[in-house]
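Enquirer: Those sequence lines, one after another, are chains A and B. First residue of the first sequence? That's 0 in numbering that gives the first Met the number 0, and the numbers climb one at a time after it. First residue of the second sequence? That's 0 in numbering that gives the first Met the number 0, and the numbers climb one at a time after it.
Note that these hints are calculated values from the structure, not bench results. Heads up, some of the hints might be wrong.
[Said to hold, decoys possible] Okay, derived cross-link-like pairs now, DSSO-like style, lysine-lysine, Cα gap no bigger than 27 angstroms in a straight line:
1) A/Lys1 x B/Lys100
2) B/Lys1 x B/Lys160
3) A/Lys84 x A/Lys64
4) B/Lys160 x B/Lys94
5) B/Lys100 x B/Lys160
6) A/Lys1 x B/Lys1
7) A/Lys93 x A/Lys77
8) A/Lys88 x B/Lys35
9) A/Lys77 x A/Lys64
10) B/Lys3 x B/Lys94
11) A/Lys1 x B/Lys160
12) A/Lys44 x A/Lys1
13) B/Lys35 x A/Lys84
[Stated by the list, open to error] Output of the computed footprint for chain A on chain B, the stretches with three or more beta carbons under 8 angstroms from beta carbons of chain A:
14) 9 to 20
15) 80 to 90
16) 117 to 126
From the three backbone atoms N, C-alpha and C, an ideal C-beta is built for every residue, glycine too.
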Amino acid sequence: MKNRVWIIILSFSVLICAVCWLYISNLSPLSQIVGIYQNGNLVEKIDLNSVTERREITLSGEYGKNTVLVSNGHIMMKSAECPDKLCVKHGELKNGGTPIVCLPNRVVVKFEDSPDGADAKTGAVR
Amino acid sequence: MKTKNLILTAILTALALVSFMIEAAIPPLTPIYGIKLGIANVFTLFALYALGTRQAAAVLFLRILLGSIFTGQLVSFIYSLTGGVLSFALMVLLKRFFPVKQVWVLSALCAVMHNVGQLGAAVLMTGTVQILYYLPVLVIAGIIAGTFTGLCAQLVLMRLKNQTY
């Protein structure tokens, strides 16, 4: 194939991905239930609307500790001891498309798919 | 001739390692996570076209191994290796369809494959499928970075067209 054809194909792919990204990062959460996972296992499930006082949840992993801060309607990674601290930079968990992820310690904080907490995507009921 | 080949492979590995280390040491170009240029890929591509599959494999995998030891990040070793194996497999498979003038296309495709592989590794490591949300970002980054590194290798290859190794 000619270079020109490839330029069109690749530019088109970039465009499609950009649209997908806009869609994903604006998905509204399906519930206010947040699950905190480590190594793929549920550590804690929290209903953000029923949180009355601020509290911190500490998780230990291979690369140090992660501290999750929960308050009414809000959840974020307050601190992390891993090298890059991307989960902290992520800020508050805002939408259903983009979970907070700490790869070194394998921690994921995300909105659950349904109010009862059954995970529709993986099919697992916890 | 054989010695020359061996030495060239060694030099390319060293260059790839150095560029990898420099890239790891300087602050990332973008604030977006997981996105980098991957300059070391220039040397793998060059080795593939100028020397051959085995030499390119040596340049790539020795660089990944040594780079992980020198930067001391074992987490990234697993991701690097997964991405490296997948993109290299694709590179070898598709090489016959891309003449020297289209190295940049092959590079872009392989960079995307590399990123997809790393994300796949992340999904397996965390056991969370939702991480795939990052796929569009990584595909775009792969196309841009791959095109750039591919062009670098391509321009050098075209200048050295009549060189025999």
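Enquirer: Now look at each hint and say whether the structure bears it out.
Expert: Comparing the hints with the structure gives:
1. A/Lys1 x B/Lys100: Roughly 10 angstroms between the alpha carbons, so the hint for lysine 1 of chain A and lysine 100 of chain B holds.
2. B/Lys1 x B/Lys160: holds, 20 angstroms
3. A/Lys84 x A/Lys64: holds, 11 angstroms
4. B/Lys160 x B/Lys94: Measuring from Cα to Cα gives roughly 17 angstroms; hence the hint holds.
5. B/Lys100 x B/Lys160: The given pair, whose Cα atoms are some 11 angstroms apart, holds under the 27 angstroms limit.
6. A/Lys1 x B/Lys1: Violated - the C-alpha atoms of lysine 1 of chain B and lysine 1 of chain A are around 36 angstroms apart, more than 27 angstroms.
7. A/Lys93 x A/Lys77: The hint holds at about 15 angstroms.
8. A/Lys88 x B/Lys35: Satisfied, since the Cα-Cα distance of roughly 18 angstroms is no more than 27 angstroms.
9. A/Lys77 x A/Lys64: Since the Cα atoms of lysine 77 of chain A and lysine 64 of chain A sit roughly 11 angstroms apart, the hinted pair holds (cutoff 27 angstroms).
10. B/Lys3 x B/Lys94: holds, 24 angstroms
11. A/Lys1 x B/Lys160: Within the cut-off at roughly 20 angstroms; holds.
12. A/Lys44 x A/Lys1: violated, 53 angstroms
13. B/Lys35 x A/Lys84: holds, 17 angstroms
14. 9 to 20: Contact hint for the stretch 9 to 20 of chain B vs chain A: violated, 0 residues under 8 angstroms.
15. 80 to 90: violated (count 0)
16. 117 to 126: Held - the stretch 117 to 126 of chain B has 4 residues with a Cβ nearer than 8 angstroms to chain A, which meets the minimum of three.
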